[in-house]
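Q: Go by the hints and put chains G and A onto chain H.
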Amino acid sequence: MSAAGFLSQLLQLAIALTLAPILVGWVNQCRAWLSNRSAPPLLQPYRMIRKLFHKDAVVAEHASWLFRMTPYIVFAAMALAAAIVPSLATDLPFARAADAIALVGLFALARVFGALAAMDIGTAFGSMGARREMFVGFLAEPALLMVLFTASLISGSTSLPTIVDTLAHREFAIYPSLAFAGVAFTMVSLAENARIPIDNPATHLELTMIHEAMLLEYSARHLALIEWASALKLFNYSCIGLALFLPFGIAEGSADWLAILGATPVLIVKLAVGGFALALIETLSAKLRIFRAPEFLGTAFLLAVLAMLVNLMLGS
Amino acid sequence: MTQIPIWAQLINLLAAVLLLLAFAMLAQRRVLTLINLFAAQGFALASSTAIVAFATHQPHLYWSVGLTLVLKVMLLPWLLHRLILKLDVKWDVEGLINIPTTMLLGIVLVVFAFNLALPISQLANTVTRATLGIAMASVMLAFLMMITRRKAIPQVIGFLAMENGLFFAATSATYGMPMVVELGIALDVLVAMLILGVFFFQIREQFDSLDLQHLEKLKE
Amino acid sequence: MIGALPLIVYAIVAWLAIGVLALVPTGGGFFGRSLFAAGALVGLAIAVMALTGIGDVPQAMVLPLGLPDLPFHLRLDALSAFFLVLLGAATAGISVYSAGYFHASENESPRLLCLQYHVFLAAMALVLIADDAYMFMVAWETMALSSFFLVTTDHVVPEIRRAGFLYLLIAHVGAMAILLCFGVMQGGSGDYTFGSMRSMVLPGAWPSIAFLLALAGFGAKAGLLPLHIWLPEAHPAAPSPVSALLSAVMLKTAIYGLLRVTFDLLNAQLWWWGVTALVLGLLTALFGVIYATVQVDMKRLLAYSSIENIGIIVAGIGLTILFKANGKILLASITLVATLYHALNHAFFKSLLFLATGSVLHSTRERSLGKLGGLIHRMPWVAWAALIGALAIAGLPPLNGFVSEWLLLQAFLFTPTLPQSFINMLVPLAAAALVLVAALGAYVMVKFYGVVFLGRPREAQLAYAHDAGHFERVALAWFAIGCVMLGLFPGTVIAVIDNVNTALIGATVGHAGDRWWMLAPISPERSSYSPLIVLVVIVAVVALTIQIVHRTYHGRVRSGPPWDCGFPMQTPRMQDTAEGFGQPIRQVFEAFFRIERVLPSPFDAKPQYRVTLSDHLWQWLYLPVVHGVEFMARFAGRIQQGRISIYLIYSFVTLLALLMFIR
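Protein sequences appear in the order of chains H, G and A.
Just so you know, we're using our numbering here: the first sequence kicks off at 1 and counts up by one.
Just so you know, we're using our numbering here: the second sequence kicks off at 317 and counts up by one.
Just so you know, we're using our numbering here: the third sequence kicks off at 537 and counts up by one.
Bound-form chain H, shown alone (with noise of 0.2 angstroms):
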């Protein structure tokens, strides 16, 4: 644990922070060139936000202080993965606090404390969203965590920096077990995410929504933080994506300066090719029914199984 370590920790929070709306941002874009509209500015999340907060919020009557506090912690959750994720140095001294089972964790608080903020309201489209939420969570968790679990198999650790140091230095060494992690990594990413064959982010209608109708109530600087929450939450899987299944380039182990400046316009660009691949998948997708959810996670929670089946197989 060095300064230069807490250096490069504060630096990739606030890489994290600022460029998680611009992901946002960027992938709209895509999905609006990929459907032939004219796409919205990159920065127009930013100004969304911006005006978010200059507003004069409006809580509903039934509220109590849980709904209000919520936002708050949903992004104190997201900031904290941020800074655990490995994106642009392995040298984190916070990752130290939460491995990939305690990341997986936080993702749940985030996931409990929105649910329960929308039961909070009392009506049917706050609950339902919530029930939703809970019912795609409770596949996609597990899922999650099973893929976290190859890339610690083969690491022989579940410390995310130690994972994606492994990763990043294997000499040529393929892992199929991590072709299964990947497909079941992009389906889980999809779900958690609110992206189009689970959730469809630019619904307006009620009774599609699952993580919008939980967010029906919230105005103003909550929402803006709810928003912000979810940018950072994209920008997260992103992350995890990019370090377990395309490490190179990041700045591995103790790096100098100079390392970490040269990892972050490699980062820009797997982001961007992540983004549009995201905006790729949307576009190619329809929307299921909420009861073909479960297939689809199930699906992925057990190509996440078969990883690690394959990699003791592969590895023995």
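Check the hints yourself; a few may be wrong.
Unchecked claim - Taking CB as the label site, the calculated pair distances span: (1) M390(G) to G863(A): 54 to 60 angstroms; (2) S285(H) to G863(A): 47 to 53 angstroms; (3) L207(H) to Y1000(A): 32 to 38 angstroms.
Keep in mind that the hints were calculated from the coordinates and are not lab data.
All values reported here derive from a predicted model rather than from experimental measurement.
Each residue gets a CB set at the ideal place from its N, CA and C atoms; glycine is no exception.
A: Okay, now just chains G and A, sitting in the frame of chain H:
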């Protein structure tokens, strides 16, 4: 861990892809996607055979690569596509049991196959012996697909996928069979496909549907 | 200096004395309240004594009681001490709560209840320090009987009598298996002290038979599949503090028994015992959590959640056996720590939640989830405490439930080093099942907390709900703080549990206890988790964000009606009910339930929709047994003629046959 050569790793990867595609077929409802997945599986098979041929310097395996490409990646999918167009059976395939249960059974089969293959593959001395379990698992998954599907065309695809798994076991685990055997198998598959095609038309003539449950009436 | 064991015996005697004192007829509720409070102090004293004595060498003593030539042997070792800490800590809180609870309820005989309650406590403590089969069984049966009377406190209600009967029945089936297990383990020596069983090396398959009998017997008490059937009936039937005791402490005595027999009394473990326990535990956990999601009664929901947690604990024991049998001592110690940690956690959060439901029940007289809601406004204390309990049981960082799950998952990740390849393949499946259980556990808790405390009150009279009394608040705070502390300082807790490891496994976890603020079994590169840092960072970010937002933006906050989607007649009844919230899970896991639906016809003027869920096992296992027993009873009934001379003939013939036999 001793470093295994890059080509063997590639074969391991392709083995995983093969299994992944077998699972995808198990989970797939649409006939058209099923055929495409089958073609992709054929392609993975051809690539792995090509790698084996290149790495072990067995030129006769290139023949088998070509055969696989022509037969399984182009001819059979094309035939199936045409069949679907002619029979107008692009519907979704509802299985006998729902998809998650099927997948769960699939996982159990994979565990079973891996355990079965473990002692056998320890006897073998090839570098890629670990893929034997995966090949066996693909065969079993294809079999499971045949069992759980109600319509005729997915069953035929299951049969063909099963053959893919067998072929993969032969090439990757033991570096290929004699040419004659391969040719024979390829011919078998082609003929089987043609005969089944004729059957499809007959079944539909008879029952106006390709639902195999109608065949249950034939028992007396 | 006097050892911890005699002091603990005095404390148990004190409990019994309190129970007897309750029978002294005096007026006024103050007396009863102070008795429960005194019981709480005794509980606390036991916890403290056991905690200080946990690292000492085992102490033994012989009580000059019991049958001639068959005195009671007592022994306190690390395992007993750990479970005594659990018992004492949980009891302290529950007794304080009882002081408020039973005072407030107009129970017909609080005196008798006070006696039964304290006898129950004393019996549980005696089970934990018994050192011979005789003492153990006496205490075990006293525990079963006193808890039976506690469960049937409201015996005027037929369902409660039925639940009590079922409980007693399964308790005795279990006790029989335990008795047989001890019979096997004494190995023909006729010496029923645990000391002699320890030194006995059983030949052939006998150790396995003893283990299986212990698994069945203690499993029946713990609620393991398929003998879980009494648990969801008995827990809701009992008054809430008693439910808390049953769930938090009594189920743990069964875990204690299983650990005692497997690791202490039997010399060697076989790997397939571990697989059996692992599979059984995971099935139980999955079963429990899936049933918990569809419950509509809040105490039944918690009872099923107890089944889930017991399943996790037994799975942990199975994994420990697996490691120990394969000589992976270090891994076995990590797994055992995770298991015991989870047992301790469960004692805390489940007590907390049961007591919270008790307060809700008191204040609203309503147990059905469909008629509650919005209590966070009326009962802030209970809501706060229950929130901590719900988050803890859902396995969320930085609370305690997460720590034990984290440790258990770490143990699963270590497994691929086992020699049996077949088990190596099973382990990913087991880990997947465990993770699925944990995720569903979060679903259950969101449902529980959201429906009871959040939203709007579904019934009008909920507006008059009042918060818990002083005693109840103290108890709730005790458990809530316990959940947080157990979550934040895992290093300290593990250092305590490590004493049990030394006694049972013969190894210590080592590294994990090194730093009090961080958990890192094996090495920090391998895995690490620091709940304190997680909490501090979250709190810091929350505080910072609030500050920044409030300093920078001056938007006001108004309150308004919620969004009604253009439909003006939104009523609280439109919120998700408990059925509604569990419906997706019911649909996905349809095969797990026996579903009976009554669907109204479209022309029905007053349509009624009803769906009842029941357990397949009733149909598949219990009813056939019942029918079999009935058939045999009818058969036996045929020889009952009702005439005395015929009965005399039976006796005479039996006598003649016996005489022939011993000729």
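Q: Each hint should be assessed against the structure and marked as holding or not.
A: Evaluated hints:
1. M390(G) to G863(A): 54 to 60 angstroms: holds, 56 angstroms
2. S285(H) to G863(A): 47 to 53 angstroms: holds, 50 angstroms
3. L207(H) to Y1000(A): 32 to 38 angstroms: holds, 35 angstroms
Violated hints: none; the structure is consistent with every hint.
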